[in-house]
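K.L.:
The residues making up each chain are set out below.
4 protein chains.
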Amino acid sequence: MSTMKYDFTVENLGECKVKSPIELSLDHGTFRAAYVKDSSFVRRQVNVFKDNDDAEDAKANNLEKAGPREYIYFNPAHVTAGICTCGGLCPGLNDVIRAVVRCLWNRYGVRRIRGIQFGYKGFFTEQGYETIDLNPDNVDTIHKIGGSFLGTSRGGGDRVNDIVDSIERLGINMMFIIGGDGTQRGALDIANEIDKRGLKISVVGIPKTVDNDLEFIDRSFGFETAVQKATQAVNSIHMEAHSQINGIGLVKLMGRESGFIATATALASHETNFCLIPEVPFDMDGPNGLLAHLEQRLIKRHHAVIVVAEGAGQELLTSTNQTDASGNKKLADIGIYLRDRITEYFASKKIHINLKYIDPGYEVRAAVTTANDSIYCERLGNNAVHAAMAGKTKIVIGLVHDKYVHIPISMATLKRNIVDPESSLWRDCLDATLQPVYMVNNINTVTDKLRKNADEAEAKALARLEKVTQMLKK
Amino acid sequence: MSTMKYDFTVENLGECKVKSPIELSLDHGTFRAAYVKDSSFVRRQVNVFKDNDDAEDAKANNLEKAGPREYIYFNPAHVTAGICTCGGLCPGLNDVIRAVVRCLWNRYGVRRIRGIQFGYKGFFTEQGYETIDLNPDNVDTIHKIGGSFLGTSRGGGDRVNDIVDSIERLGINMMFIIGGDGTQRGALDIANEIDKRGLKISVVGIPKTVDNDLEFIDRSFGFETAVQKATQAVNSIHMEAHSQINGIGLVKLMGRESGFIATATALASHETNFCLIPEVPFDMDGPNGLLAHLEQRLIKRHHAVIVVAEGAGQELLTSTNQTDASGNKKLADIGIYLRDRITEYFASKKIHINLKYIDPGYEVRAAVTTANDSIYCERLGNNAVHAAMAGKTKIVIGLVHDKYVHIPISMATLKRNIVDPESSLWRDCLDATLQPVYMVNNINTVTDKLRKNADEAEAKALARLEKVTQMLKK
Amino acid sequence: MSTMKYDFTVENLGECKVKSPIELSLDHGTFRAAYVKDSSFVRRQVNVFKDNDDAEDAKANNLEKAGPREYIYFNPAHVTAGICTCGGLCPGLNDVIRAVVRCLWNRYGVRRIRGIQFGYKGFFTEQGYETIDLNPDNVDTIHKIGGSFLGTSRGGGDRVNDIVDSIERLGINMMFIIGGDGTQRGALDIANEIDKRGLKISVVGIPKTVDNDLEFIDRSFGFETAVQKATQAVNSIHMEAHSQINGIGLVKLMGRESGFIATATALASHETNFCLIPEVPFDMDGPNGLLAHLEQRLIKRHHAVIVVAEGAGQELLTSTNQTDASGNKKLADIGIYLRDRITEYFASKKIHINLKYIDPGYEVRAAVTTANDSIYCERLGNNAVHAAMAGKTKIVIGLVHDKYVHIPISMATLKRNIVDPESSLWRDCLDATLQPVYMVNNINTVTDKLRKNADEAEAKALARLEKVTQMLKK
Amino acid sequence: MSTMKYDFTVENLGECKVKSPIELSLDHGTFRAAYVKDSSFVRRQVNVFKDNDDAEDAKANNLEKAGPREYIYFNPAHVTAGICTCGGLCPGLNDVIRAVVRCLWNRYGVRRIRGIQFGYKGFFTEQGYETIDLNPDNVDTIHKIGGSFLGTSRGGGDRVNDIVDSIERLGINMMFIIGGDGTQRGALDIANEIDKRGLKISVVGIPKTVDNDLEFIDRSFGFETAVQKATQAVNSIHMEAHSQINGIGLVKLMGRESGFIATATALASHETNFCLIPEVPFDMDGPNGLLAHLEQRLIKRHHAVIVVAEGAGQELLTSTNQTDASGNKKLADIGIYLRDRITEYFASKKIHINLKYIDPGYEVRAAVTTANDSIYCERLGNNAVHAAMAGKTKIVIGLVHDKYVHIPISMATLKRNIVDPESSLWRDCLDATLQPVYMVNNINTVTDKLRKNADEAEAKALARLEKVTQMLKK
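Chains as they are written, first to last, in the working numbering: chain X, 1118 to 1591; chain B, 1118 to 1591; chain U, 1118 to 1591; chain C, 1118 to 1591.
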């Protein structure tokens, strides 16, 4: 498999000499929580094959545990914290903001907390956005509504100098950045610029990706809520399809490069017949293509539900070669493509169908968190504060085997997590949909292509790792 | 105002000689429900102006009360009932089906109840759909899921002879037809053909229009549920708009010719800034056009939410001149039009906006009923059964001043109910959105146009009334 | 039937000479809302029996239409409005508060709006509660959470002098009081004391009764939401009962003297087998008692769901002879009684049952409104403001035949609305539950008792009417 | 720490010689799912302390991976499967049943699947319950409703001989038992009796405990749904408390010996001020008791919310010394106790409070699963089928580090999982509620007691382990 040698060493701003104001136990066995030590780790690798002991490898892959330290780097009285949310909406943004503010205020006694408005753009003086002073009162009920209390926007992470200038001007020495892949890479650049200027400012990220495509972590916040909402949408469209002559429900869900939302929704809805994701190519035509299988399904059951991730089947479409403000490739629209191709196909066969196409994306993104997601956001926020107070920097908070850890941003952004077609998750999804393993006419072409994709992704990640390693050496 | 003379006389198949198997009281004051008499009516007109007593007119407008009769026309042992659902989905279809089946079975002891599949098409032999035998067991839990248990389809109501042939072949002597305007006109044609053949078959409609555009009745079933769902969609898009720089949320809702769903949703969401409905024309451009007002709103509040009924602003669009299978005019897409025009406008002004456009229609149509809607469906179904058992025909069941009544199909389909721009409903909507009364540059043109529209609608209804009256004379 | 002669004449503070700042049309036919005239009424009586014309009577029963008047009594610049919420929680309190504040502020330009905290107690100086200054910003999102933004409490309406002193001290000349029966009687006393002191202060009530027991109006706000929530609770308990051997689900719902919530919930849930309400007495024992029927149901179907209103079956219990702070009679607990009696009965018969008893009251009362309820609250609030601005006083806002009207508090509190056992509502409820019309062993005793109850209620109302009439003459 | 040596070796019925009908890949790297090998394990221990390498220990604690095997033990054509659900309701029962049925039917082609009604009691001939033949059609929509499609009951697991007789009589050779701690111990006894009789019947458990108190596994199914529902209840009661003068909301939640639901609900609600769980003792009286802290909270904030697990504070109550049918100790009612003590306390201090007490247990247990829980149930069910087909027996399916594994019932039932007061979960809960770490007056007494409890639990588990080990040796 992968030959990458990860380095999960966490960077610190300096020695921790300030006694934490949180009173915890110094040791275990006292029936109250103890401080977490920097020598506590979580093992990343848990798969064991009897004939192939990975103990050696596992040690290299340990992740530093998150949590409150006995000695911290910052004197709370001198802390000015900043928080910003970047990129698209995702359920839970407000829950995270609220947790960061409350932990800073209630646990550490920090009294200067600045909310940066509308993502990185809030740092740019020409935009004229003021910061919002945050405290437990004005964030008290924000978790009950969706969206971002601070506002968000895409892009801007490349204007590193402007951002650091602004951070200096605001007197911020602890910056919490909630955002995705691109945002966190920006955060790393910002932290490196901070280093270069010799400043002591902690940069801690809380990774946000509704697509759940972050490597290493169990899941991203907002993902479960997204699946909950998406499942309701699929259930609606299923009722519609089921009530029509040859009803076809087509639902496009989020998932640019990773089909986790589509896969989980297919499993949770129990009513999806075809789940199409970026990781698993498919043909439209031919005896083993989607259209033929869809026709078979209609003959047998008179209705069908298709769930498609927005990044699925891109190879079937004319590329757009455009990017959005976050630097993400603009995808051609697979939903429209499928709608039109399916309509044409059955029209040409003189089969009357009733196709309904929906894209519930915005409702999914703006949803209020489920209880479990809300807990996750609260705990991510708390741990981000503990990390920043201890002078940790250039990290994101992650959840690994249900434990909170520090992951260097450099590692967290190496490559995306994808739905492994060999995984039990996808296997269970196929069992739920009863769709063919591959809807393609020449399986060899596909596996060749998948191998090529995997190799390219690996090479890209290695190149990034190399770059990061060089940077660290400097 | 209107000069129409309605005739709400209900047609019967013949004299009722069968004692009802339901044991009710014969009189009031017994502390148990009494049979409803054919001499019980509900006054339609309740507005009173002191100087203009309408007592005379009111009497002419009485509506026959629905409910179980002491003597019924059909011997339950000889009844074969048929049920079909036609047209688009609407919340509550299954609740109505369930109520009809349960009332027939439990209250009257009817044991032959046939569900026609997929609307009027289920009658056509070449389609090959079999009927479903319905009983309290197989409809027991169908109200818990959306859609139509029987399936539905558009159109087919013009093949009157085929349908009556099929009804005869199935031995049905009591036909329940759940559907909209077009469907009910078809039902009237069917009932007239039944008359012509000298058959004794009751045709009772349950009016279904998620748009709530039926004249005379308080509201249509499914409407409240639709508004509940639509309100949730608007709340989502509001969160999205609120979290973005110059965020604009644009929501297209159902409402081809009547803006009730949009109006009620704007009121219920409390977060709509512009509500656009077919009944109130608007200009895009000019100092008092939508675009100028939208720009003002963004300057003041940095975000905006627009709710638009699908039939709004049709005069701004190039007509499609097409109709769907139900005979409804295919509307040009105002949602897409607004999205594109707004995007162009702000691009040309170099104002950065974030516009999100959603059309939650299918989720709204497939929803499970709210409690109140479910009660309404149950009571509509019960009263439809009571009416049919008493030999009433060519009627729909309506709710007038919270009382269930029989309305001749001929009257119910004369014209559509619309949002009156002079009504307190629209006044309260304007108070909720704080939008201008008319976003037009020349108010006279608009009022002239509205007057012309109203006159045309009135003339059309009069013509229909004339036709119906002629028919009745024959 | 009733021999009462109602008097729906609305009292005014004085002549309206101030031109309304709301610009409406002066006449109909202009395609924009017109001012409502004091000569517009809504007919209360809509039942018509052919041989018994009620035109005469109907005229006496006209209710004054609510809405904005062309000329108003108060100069908005001189208005100080007060709002308070009294009694138990009810869904929609915050929606009403928000609407009153927004209509005062946005439509009339009123800038001094004082929220009284914790009901009438907020007026008592010894409690030390300050008023909250209300404006569209601080009430902007309160409709998204349940409860009362102002807080509420029971009782205190009898300290009329203290309250009017406090109103004078606060300089309030327009008082909005949201509360139930007892609260509104207090409001009338307050308004009478205001009269006595020669003050010009408008007192407008918004009637709040989750039990829906207010005479004359279509329904009370919060009622639909309560039924929605209660239906969910019944569905849960039904699942529980259905999954157990001889599972019995017992749900106690609100309804001290009127069983509307229980009745509507039984209808909406479609899974209730016995619905017990105060208006319909029942026996526990004997061949036609509840226990015998429950046993029959278990034998046939192995599970059962019972919905009971808190005021049902009080004659079976030992009276408590206590009242709560609102002056309501403290009811003995029918839920506990039923639970214990049913348990004993089946234990004595050695029949194994699984009984689960729940009282979801507080969840129901604290719920966020459904869309339809929220619209209703908004429009009640708007119309309350229009009424107060026009100098109307001693009235509550009501909804009659879907039209908003002014009802004198003296009439609105004459007697409670109850579920009429002869009504089609109860008839449809019996059809839904399939329970016997009366579960009693001697029907004559019961009807005698019901007649006696009805006579007593009528006599009590007549006495109140007499008292009110005397008061008006003075 | 613990000195227990677990043995996670999985027992098999015999050699697997039947080629699986599921076509999977034989190896990794093929871009399709491969069969899972018996040599695949998941490491249980993931905590790493730098100075204390646990590699050695970890190896001893490996758990066998679940999933489809290439060769299976049973010939699908000869399989008769049985399913039963035991104990109290829990969200997800129907989702699990559905998944087991569909995987057996669709993936393995098994056609004889018998649903045992009402738990273990369904096996007892004197009860007269027939089995229900299950297939994908009759379980198709059962996941949309709560409860158990098969019915459930407590107890009966001790009548091992009767149960095995019945299993033989029904010809079942694959038994799926969904139930909690006591049920699974019963399942082990059943499997041992099967062994003794020399039968080849696989017994596979799916552990059900809404309290989430199962050792080793990440979480139990239904737990997240329970927390979702409980959080809604807490939010309601918070609104009530917040709207009253000195409003106190008291919510009793499930959790006999483990406070996971209460803890997670306190975190998710963000509105809980005191979270009381069995694992953390508290005093009522004294300067550091609950009552004093509650009084302080009311003085500062005028309202408070208390969440209490049913098993909390048992030391304060008079023991009942009774057990229910499942053999669980009947707990004295801490909710009632708290309600009464709080009421008395403030009455004695002449402080007016408004206390509302709710127990939303049944609504929580009967809820429909969240999307994430539904996925979990589906995958548990699939893996249970894969295990049984491969002849695995005496195991339950577990989720460990997000991977599905086989856990011997003997290990899974050794001891309960509890909320560790030293864990980061409880630490974050304290941060959320801001309650004191311990509300006791003498901390030493408490830690002594906790140590004693822990030692006793450990000794009990060791004794069980000893017993199990002896049994295995035989």
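Any given hint could be a false lead.
For identical chains, the list gives no copy identity; a pair is met inside one copy or between any two copies.
[As the list claims (entries may be wrong)] Heads up, simulated PhoX-like pairs for lysine-lysine below, C-alpha to C-alpha not over 20 Å straight-line:
no. : residue 1 : residue 2
1   : 1473      : 1447
2   : 1446      : 1473
3   : 1261      : 1467
Worth flagging that the hints you see were computed from the coordinates, not collected in a lab.
K.L.:
Indicate, hint by hint, whether the structure satisfies it.
P.N.:
Hint check:
{"no.": "1", "hint": "1473 with 1447", "verdict": "between (24 Å within a copy, 16 Å between copies)"}
{"no.": "2", "hint": "1446 with 1473", "verdict": "between (27 Å within a copy, 19 Å between copies)"}
{"no.": "3", "hint": "1261 with 1467", "verdict": "neither (50 Å within a copy, 35 Å between copies)"}
Hint 3 from the list above is the single one not met by this structure.
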